[in-house]
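Participant: Letter by letter, the chains look like this.
Protein chains: 2
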Amino acid sequence: MSDPAKIAFLGLGAMGFGMATNLLHTFPHTTGFDVWAPTLSRFTAAGGHTAQTPVEAVKGAKYVVFMVTSAAQILSCLFDESTGTSGGKGISAATALEKGAIVILCSTTPPDHAGIVRQKLDAVGRDDVAVIDAPVSGGTVRAADGTLSIFAAGAEADVRAARPVLEAMAGSNLWVIEGGLGAGTNVKIVHQVLAGIHVVVSCEAMGFAARLGLNTQWAFEELQKGEGNSWMFGNRTPHMLVDDKKIYSALNNFVKDIGIITSGGRAAGLPLFLSSAAEQVFVTGFSAGYGAKDDAEVVKIFLPTDQQNLVLEQTSLATTSSKDVSKLELVAKLMAAVHLVAAIEATTLGAKVGLQPQQLFDICVGAAGTSFMYKDRIPQLLSGKWTSKKTVDEVIAELKVSIEAAQQLKYPLPLSGTTLQLLQLASLRGLGKEPDVAVSRIWDGGDGPLFLGSRV
Amino acid sequence: MSDPAKIAFLGLGAMGFGMATNLLHTFPHTTGFDVWAPTLSRFTAAGGHTAQTPVEAVKGAKYVVFMVTSAAQILSCLFDESTGTSGGKGISAATALEKGAIVILCSTTPPDHAGIVRQKLDAVGRDDVAVIDAPVSGGTVRAADGTLSIFAAGAEADVRAARPVLEAMAGSNLWVIEGGLGAGTNVKIVHQVLAGIHVVVSCEAMGFAARLGLNTQWAFEELQKGEGNSWMFGNRTPHMLVDDKKIYSALNNFVKDIGIITSGGRAAGLPLFLSSAAEQVFVTGFSAGYGAKDDAEVVKIFLPTDQQNLVLEQTSLATTSSKDVSKLELVAKLMAAVHLVAAIEATTLGAKVGLQPQQLFDICVGAAGTSFMYKDRIPQLLSGKWTSKKTVDEVIAELKVSIEAAQQLKYPLPLSGTTLQLLQLASLRGLGKEPDVAVSRIWDGGDGPLFLGSRV
Chain A
1 MSDPAKIAFL GLGAMGFGMA TNLLHTFPHT TGFDVWAPTL SRFTAAGGHT
51 AQTPVEAVKG AKYVVFMVTS AAQILSCLFD ESTGTSGGKG ISAATALEKG
101 AIVILCSTTP PDHAGIVRQK LDAVGRDDVA VIDAPVSGGT VRAADGTLSI
151 FAAGAEADVR AARPVLEAMA GSNLWVIEGG LGAGTNVKIV HQVLAGIHVV
201 VSCEAMGFAA RLGLNTQWAF EELQKGEGNS WMFGNRTPHM LVDDKKIYSA
251 LNNFVKDIGI ITSGGRAAGL PLFLSSAAEQ VFVTGFSAGY GAKDDAEVVK
301 IFLPTDQQNL VLEQTSLATT SSKDVSKLEL VAKLMAAVHL VAAIEATTLG
351 AKVGLQPQQL FDICVGAAGT SFMYKDRIPQ LLSGKWTSKK TVDEVIAELK
401 VSIEAAQQLK YPLPLSGTTL QLLQLASLRG LGKEPDVAVS RIWDGGDGPL
451 FLGSRV
Chain B
1 MSDPAKIAFL GLGAMGFGMA TNLLHTFPHT TGFDVWAPTL SRFTAAGGHT
51 AQTPVEAVKG AKYVVFMVTS AAQILSCLFD ESTGTSGGKG ISAATALEKG
101 AIVILCSTTP PDHAGIVRQK LDAVGRDDVA VIDAPVSGGT VRAADGTLSI
151 FAAGAEADVR AARPVLEAMA GSNLWVIEGG LGAGTNVKIV HQVLAGIHVV
201 VSCEAMGFAA RLGLNTQWAF EELQKGEGNS WMFGNRTPHM LVDDKKIYSA
251 LNNFVKDIGI ITSGGRAAGL PLFLSSAAEQ VFVTGFSAGY GAKDDAEVVK
301 IFLPTDQQNL VLEQTSLATT SSKDVSKLEL VAKLMAAVHL VAAIEATTLG
351 AKVGLQPQQL FDICVGAAGT SFMYKDRIPQ LLSGKWTSKK TVDEVIAELK
401 VSIEAAQQLK YPLPLSGTTL QLLQLASLRG LGKEPDVAVS RIWDGGDGPL
451 FLGSRV
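Going down the list, the sequences are from chains A and B.
As numbered in the working numbering, residues 1 to 456 make up the first sequence, in order.
As numbered in the working numbering, residues 1 to 456 make up the second sequence, in order.
FYI, nobody ran anything at the bench for these hints, they're computed from the structure.
Since we're looking at a predicted model, the values are computed, not measured.
Please note: incorrect hints may appear among the correct ones.
Since the list gives no way to pick one copy over another, a pair counts as held whenever it fits inside one copy or between any two copies.
[As the list claims (entries may be wrong)] Taking lysine to aspartate or glutamate pairs in the DMTMM-like style, the calculated list, with each CA pair at most 20 Å apart, reads:
| no. | residue 1 | residue 2 |
| --- | --- | --- |
| 1 | LYS433 | ASP444 |
| 2 | LYS246 | ASP112 |
| 3 | LYS99 | ASP127 |
| 4 | LYS433 | ASP112 |
| 5 | LYS59 | ASP3 |
| 6 | LYS400 | ASP112 |
| 7 | LYS256 | GLU404 |
| 8 | LYS410 | ASP362 |
| 9 | LYS375 | ASP122 |
| 10 | LYS59 | GLU81 |
| 11 | LYS327 | GLU221 |
| 12 | LYS390 | ASP376 |
Given only the sequences and the hints, what does the whole structure look like? Please build it.
Facilitator: Written out as structure tokens, the structure is:
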């Protein structure tokens with residue numbers, strides 16, 4: 001019989017372990033499952049229950065939370081028969097689910113995945129079971145605090161029924177997304193467009209600062225004050241600078257997430273130039289052996305093999321020269337330009353997959369995907385009321401100076417280079433004087449840009 | 001006094017040494033200069049004369065050929081005073097040039113460089129001296145054979161006066177380019193767009209073949225027969241496969257040349273997406289320490305650190321399975337798509353800088369920048385008479401399959417990824433059904449594509 005106090009939690013990795021442990025406060029009868037035995041012992045020590053198979057875990061549980069690595073693992077947990085010693089041949093977790101159980105899918109998966117789970121449950125006669133598309137964002141600390149951002153979508157009654165568990169994991173950071181199964185994942189995907197590009201541009205920029213011979217600690221502090229700042233820049237750069245080997249998020253996570261993004265772009269027929277360029281950097285980092293390391297490790301791809309450390313022989317902060325200030329400006333300008341185009345690429349994708357632009361903005365601006373440019377420009381674009389700051393040709397002129405300096409140093413700028421081509425395309429095609437508007441119009445398939453306000 | 005049989009040859013590097021040695025057949029009194037002493041001894045042994053300074057070299061010479069590394073070196077050789085022991089303080093080579101001497105600039109430089117040399121000579125009162133913009137293409141073997149491709153531009157009378165030397169270096173491969181100083185360099189630049197992208201896509205494709213587990217020797221032979229073939233693919237891949245460490249052309253050459261290309265794009269306000277993406281790969285290769293190695297060494301950036309050799313445990317050619325054939329198709333499709341877009345990007349740049357499209361095609365199709373796609377499609381686009389083979393959406397669909405397979409392998413595809421975004425953009429914006437035409441129209445600034453025939 002379904003016990004409203006009982007949760008089955010599948011997937012006790014870095015995120016899942018924190019989430020499940022936090023749930024124990026509200027739902028002491030949370031049963032964890034993972035294929036890696038040591039994590040089960042740890043969960044027992046933290047006061048949780050454990051199961052040896054998914055079938056065993058879901059028994060009696062009203063709520064079944066998935067935080068495994070991939071869509072394939074979710075399907076395997078739910079539909080593979082005989083997945084463990086006590087499961088017994090011929091029984092799947094889908095069959096073993098309690099009547100009216102609520103399946104909450106927190107892993108990042110392709111956007112059609114929750115719908116596939118729904119169909120497969122229906123196909124085995126489990127239309128009594130609710131499915132919630134509920135991807136999360138926020139990292140391990142907020143996972144353990146119960147303050148993750150969660151983007152929940154599904155049938156309205158189902159989402160209502162799942163609220164006790166969702167709120168225990170998210171607190172006030174629970175967002176209910178209109179649009180049915182997949183809409184929550186679409187929010188996550190758009191968020192990852194921003195987050196992923198921002199990680200890569202942080203690496204591109206800090207590597208450039210090092211190659212310019214700047215005091216990188218000073219550069220970091222100064223760049224944070226300007227138009228090139230982002231949440232990711234503030235989060236990843238300090239440990240990039242000390243090279244502390246801490247893993248905030250493994251590179252493999254972004255390799256997976258950005259693969260989902262560019263797959264989504266292909267499915268929607270939407271070009272995603274910056275996401276694709278960022279993907280190549282992440283995957284090149286994977287080839288270079290950084291997959292299990294922190295995503296900020298990709299800064300090393302940008303640096304010569306004999307200068308892999310960002311912290312050079314640093315000049316003291318007090319002696320920073322005016323020459324350093326103008327070098328810093330080179331870095332600041334390219335960061336600003338990339339963040340601007342990233343904000344537009346992400347918002348365009350969101351509109352294309354049917355998300356409500358204002359809600360999408362409200363979510364992302366408070367999350368890890370936010371940036372100065374995103375916060376500053378997207379509201380103007382959404383409202384159709386903006387104040388011109390620079391023309392597209394002025395932004396191009398500034399970015400050119402940065403790119404020419406990098407070319408002198410033979411320093412790679414995959415995101416800034418792509419950004420320049422897009423700005424030049426917008427200028428060549430006469431898409432508008434304001435850079436924000438002109439870039440938005442690149443994705444205009446004839447009915448106008450996908451998300452701009454009425455003035456356009 | 002100017003001796004019509006005397007040539008001063010400045011820059012005896014890999015190319016220059018072969019060129020100068022070849023010139024000795026026709027101009028026994030060729031005097032070589034280089035800053036690296038051993039090469040001077042070698043040139044003496046080959047029967048040449050040598051000089052210790054540019055000033056000394058140019059004395060008595062009717063022709064002064066430059067094959068140094070960069071524009072900066074040309075300016076230094078010509079205008080620096082007191083550049084050696086016998087030059088004496090206060091004398092520059094520009095001053096020492098014989099009356100009516102003919103300066104032939106063969107180095108690859110930015111397109112405005114020859115004009116700058118002209119202006120600087122005028123400024124020191126040397127308007128009697130002729131300047132020829134005459135960049136070369138063809139590699140060290142053809143340099144030594146006197147069969148280099150040379151793209152000569154300048155005042156008509158000057159080019160005529162330089163002919164004896166140009167023909168001694170190029171034979172029947174001498175092209176006279178309309179448009180004055182810089183036009184020859186523009187041809188070289190457009191050619192390098194093709195050549196540079198083709199080297200990178202050869203690496204991208206062969207690394208992909210290796211990651212797919214194909215017999216790379218077999219894959220190479222098969223791919224050569226298809227739509228993805230290029231001159232560069234045929235030239236670079238065999239020694240990529242045996243990893244023989246031979247240097248056909250050092251990576252640093254392309255780092256320089258493609259920097260000139262993208263600078264040219266910025267100056268012309270023309271987005272060059274593939275050239276920029278190829279530049280990032282070359283420069284990342286430079287950061288990885290391959291600058292002085294062969295340009296095909298960049299294949300190693302695409303490969304995991306524990307699989308740097310393209311030649312895997314090879315299955316015998318006889319046992320190639322149908323599965324291998326379908327994997328090969330994945331590689332062939334992405335090569336074809338990249339080569340198609342490269343052909344259009346290069347031709348567009350040529351038209352933008354004022355080159356005559358038909359002559360440009362006639363030159364490149366017979367040179368190292370040629371490819372199956374270039375030869376097949378550009379004549380159709382120029383004439384405005386083409387036969388549709390596939391729609392843009394069909395090409396997108398094929399390329400998607402390749403890119404999804406690479407994504408599964410976490411294999412980077414910077415050029416194919418960029419190509420897909422461009423094709424998707426052309427489709428989204430409704431630029432035409434034929435992929436060639438649709439992609440060409442991306443660069444349409446309102447007056448139509450830059451080079452298409454009348455049917456568009």
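Participant: Does each hint hold? Answer for all of them.
Facilitator: These are the hints, each one checked on the structure:
1. LYS433 to ASP444: Both ways: LYS433 and ASP444 sit 16 Å apart in one copy and 17 Å across, limit 20 Å.
2. LYS246 to ASP112: neither (33 Å within a copy, 50 Å between copies)
3. LYS99 to ASP127: Answer is within: at 10 Å inside a copy they meet the 20 Å cutoff, but 95 Å across does not.
4. LYS433 to ASP112: neither (38 Å within a copy, 29 Å between copies)
5. LYS59 to ASP3: within (9 Å within a copy, 100 Å between copies)
6. LYS400 to ASP112: between (41 Å within a copy, 18 Å between copies)
7. LYS256 to GLU404: between (33 Å within a copy, 12 Å between copies)
8. LYS410 to ASP362: Neither, since 40 Å and 33 Å both go past 20 Å.
9. LYS375 to ASP122: Answer is neither; intra-copy 42 Å and inter-copy 55 Å both fail.
10. LYS59 to GLU81: within (15 Å within a copy, 90 Å between copies)
11. LYS327 to GLU221: within (14 Å within a copy, 49 Å between copies)
12. LYS390 to ASP376: within (14 Å within a copy, 43 Å between copies)
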